[in-house]
Amino acid sequence: MLGVLSALMNDGAFDFSAYPHRHLLGIEGLSPVAISLLLDRADSFVELNRRHDNKLATLSGRTVMNLFFEDSTRTRTSFELAGKRLSADVINMSVSTSSIKKGETVVDTAMTLNAMHPDVLVVRHNDAGAVKLLAEKVNCAVINAGDGRHEHPTQALLDALTIRRRKGKIQGLQVAICGDILHSRVARSNIHLLNAMGARVRVIAPKTLIPAGIERLGVEVFHEMGAGLKDCDIVMMLRLQTERMKGNFFPSVREYFHFFGLDYAKLENAKPDALIMHPGPMNRGVEIASDVADDIGRSAIREQVEMGVAVRMACLEVLCANLSAEGSSQ
Amino acid sequence: MNIKLDQPLERTAFVNARLLDPATGLDAMGGVLTDGETIADFGAGLFENSVPEDAKVIDCKGACLAPGLIDMRITMSGSDLETIGSSAVAGGVTSAVCLPNTNPVIDDGSVVEFVARAARKAGLVKIYPYGAITKGLEGVEISEMGLLAKSGAVAFSDGNNAIGNAQTMRQALLYAATFGLMIIEHPEDPSLAEGGTMNEGETATRLGLPGISKLAEILIIERDLRLAQDTGGRIHFAHISTAESVAAIRAAKIAGMSVTCDTAPPYFALNEGAIGDYRTFAKLSPPLRSEDDRGAIIEGIKDGTIDAIASDHTPRHEDEKRLPFAQAAPGGVGMETLLAITLELVHNGHIGLIDALAMITSGPADLLGLSGGRLKKGAPADLVLFDVEQGWKVDADELRSKAKNTPFDERPVQGRILRTVIDARTVFKLDA
Chain A
2 MLGVLSALMN DGAFDFSAYP HRHLLGIEGL SPVAISLLLD RADSFVELNR RHDNKLATLS
62 GRTVMNLFFE DSTRTRTSFE LAGKRLSADV INMSVSTSSI KKGETVVDTA MTLNAMHPDV
122 LVVRHNDAGA VKLLAEKVNC AVINAGDGRH EHPTQALLDA LTIRRRKGKI QGLQVAICGD
182 ILHSRVARSN IHLLNAMGAR VRVIAPKTLI PAGIERLGVE VFHEMGAGLK DCDIVMMLRL
242 QTERMKGNFF PSVREYFHFF GLDYAKLENA KPDALIMHPG PMNRGVEIAS DVADDIGRSA
302 IREQVEMGVA VRMACLEVLC ANLSAEGSSQ
Chain B
11 MNIKLDQPLE RTAFVNARLL DPATGLDAMG GVLTDGETIA DFGAGLFENS VPEDAKVIDC
71 KGACLAPGLI DMRITMSGSD LETIGSSAVA GGVTSAVCLP NTNPVIDDGS VVEFVARAAR
131 KAGLVKIYPY GAITKGLEGV EISEMGLLAK SGAVAFSDGN NAIGNAQTMR QALLYAATFG
191 LMIIEHPEDP SLAEGGTMNE GETATRLGLP GISKLAEILI IERDLRLAQD TGGRIHFAHI
251 STAESVAAIR AAKIAGMSVT CDTAPPYFAL NEGAIGDYRT FAKLSPPLRS EDDRGAIIEG
311 IKDGTIDAIA SDHTPRHEDE KRLPFAQAAP GGVGMETLLA ITLELVHNGH IGLIDALAMI
371 TSGPADLLGL SGGRLKKGAP ADLVLFDVEQ GWKVDADELR SKAKNTPFDE RPVQGRILRT
431 VIDARTVFKL DA
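These protein sequences, in sequence, are chains A and B. Quick note: to get this note's numbering, add 1 to the position in the first sequence (first position is 1). Quick note: to get this note's numbering, add 10 to the position in the second sequence (first position is 1).
Hints may be right or wrong, so weigh each one.
[What the hints assert, rightly or not] To give an idea of the chain B side of the interface with chain A (calculated C-beta under 10 Å), a few residues: (1) E154; (2) G211; (3) G218; (4) N281; (5) A284; (6) D287; (7) L333.
The set of hints was computed from the structure by calculation and includes no laboratory data. These numbers were taken from a predicted model, which means no experiment stands behind them. A virtual CB, placed ideally from N, CA and C, is assigned to each residue, including glycine.
Let the hints inform the model, and build the full structure from the sequences given.
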């Protein structure tokens with residue numbers, strides 16, 4: 002069966018050297034060429050994923066370890082599926098908070114796992130910079146599956162792929178990212194990616210949820226949904242991360258939804274064909290009204306999940322190809 | 011090189027030195043004669059004609075000879091006296107004042123005496139303790155400041171804890187004023203700083219790190235200035251780091267208040283950019299600030315708003331730093347780079363050599379009423395000999411300190427300690 006799909010294997014159409022990095026730790030610093038390579042390659046996997054016989058042998062013999070220091074179902078499952086579609090051996094490790102409390106540090110964990118010779122470590126951690134710290138201590142490739150409020154690069158890539166497939170381009174689009182910008186790694190990765198690819202980015206939130214100096218990252222800041230959504234092509238809603246909140250960021254869910262929740266009335270301000278996105282999991286009635294979220298014509302939320310697998314396949318494939326190239330050059 | 015306490019003390023003549031005494035402004039070629047543990051004579055042109063026959067001669071070869079450095083803030087916990095001592099003397103520091111955040115906390119007279127006695131026994135640097143403002147550094151009940159001072163506490167501090175409660179600070183200032191004692195504040199509002207890891211702003215946002223607003227510092231300074239004015243208490247602000255802090259203290263001084271402050275080398279030599287990609291050695295308290303703040307701190311040093319420079323020496327074990335940035339402990343070692351980084355102010359043309367030395371000798375000595383920090387006949391012969399021009403590169407691995415957490419690793423600097431002398435004994439000599 003695998004042979005049937007050989008047409009989908011890299012036949013030289015993709016130049017993996019356009020992604021000249023060992024790891025994928027963040028979007029900041031990636032070139033548009035590198036981003037495009039990942040998006041193009043991911044795009045080529047989308048059709049495959051919709052078939053029944055959707056397995057490729059590309060990563061046969063490779064080991065991918067999912068190492069999650071923070072709870073996750075969606076991202077971890079998506080990476081697991083991506084690895085399996087490419088025939089990698091995928092192992093899931095959840096490092097419970099209790100074993101961190103026992104005193105094992107990120108570096109200890111990294112050393113332990115490194116001794117098992119994985120090819121790719123997919124890591125999520127609740128501290129910004131922790132994935133980079135771990136990457137410095139291992140010999141394999143590392144993918145950042147989210148570090149604190151810093152970056153979540155595969156989420157930004159899957160969002161970009163969703164946008165590109167729906168709109169045919171990213172360049173020149175007006176994108177509004179709405180909600181809890183302060184605590185959001187998704188927002189930061191998206192800001193870097195969308196700017197690199199030539200979109201114009203706005204952020205909309207109450208002042209308590211806007212981090213200091215965000216405009217220096219290349220965004221326009223709005224505190225009112227009507228003005229912020231005006232003529233937008235893409236409306237990206239963020240989850241309110243109440244678990245990261247300590248202090249008075251907003252007075253109540255009712256008030257938050259009234260001013261910053263996405264409903265049809267506020268959506269009126271965006272372009273008629275504006276696409277609605279959300280990285281999930283959604284708080285219905287908090288940042289987004291149910292009917293808007295479920296609007297098949299306008300919401301791309303389920304498509305984002307689908308693109309997630311394709312994007313993660315591309316990332317795993319490219320990083321492993323670079324590992325092979327590195328191995329053969331030594 | 012280790013000190014030999016039993017080495018016989020010969021009369022020693024330091025000849026051919028560029029003699030520097032910030033307290034009097036003396037800057038001339040001359041020499042120092044020690045007898046026993048004290049300075050017998052010093053001055054321009056001393057030994058020009060002859061050296062006493064019985065004196066051992068040390069030829070300074072034109073290098074700078076100055077009073078040993080007074081470091082007005084170091085942390086002892088996390089290290090031992092011997093390590094602290096060898097690090098100090100390698101940095102030319104002959105007297106250091108330690109924060110009360112030791113274990114046990116210096117909130118009791120017996121601990122003051124213990125620290126002083128232990129330091130004397132180790133025989134390297136002279137250690138003076140601060141007493142705690144509040145018992146257990148908990149910010150609630152004021153400590154026995156009168157008795158602590160009697161035992162030898164030179165001033166009062168709660169270490170790297172600010173006094174968050176205004177009423178507690180008011181009472182502490184009032185009570186301390188009864189005995190004419192100085193309160194040293196770590197100016198950082200606890201509620202504004204809570205959860206923060208670095209300076210709030212673009213860099214923190216980019217790195218996804220929770221920020222500490224500059225307001226945390228300025229709010230406490232403005233509050234304490236009001237309280238000091240109202241109570242007549244004596245307030246000193248430790249390691250100020252923001253432009254607004256300099257401005258507020260400058261204005262208070264102009265208005266005639268008796269307020270003083272110090273800063274530490276990171277705040278005039280580095281900015282938040284040093285954190286780069288999550289370098290935990292650059293995680294300090296207060297956090298490194300913006301380039302504008304750095305410039306303002308230099309201005310504060312130039313115009314006398316800032317009275318002293320302290321190293322903020324804070325040894326941290328590798329395990330406390332090899333962590334994700336948010337979890338890493340703040341602080342850096344600093345005694346061995348105190349002189350060289352301070353001399354950057356001279357080499358960059360901001361202040362003169364005598365003024366720079368005053369910030370780390372007579373300045374802090376005057377603030378705390380210490381006898382050192384100046385050349386004086388009959389005073390203990392605590393001296394530092396250094397080459398003001400000699401270049402070297404800070405190398406964390408080469409530090410005497412067991413803890414290697416310097417924020418200045420790999421920095422090229424100018425100004426090298428050649429010899430450190432305490433009570434007329436050479437306790438450090440640079441390997442040729």
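When the structure is checked against the list of hints, which entries are broken? Sort them ascending. 1, 4, 5
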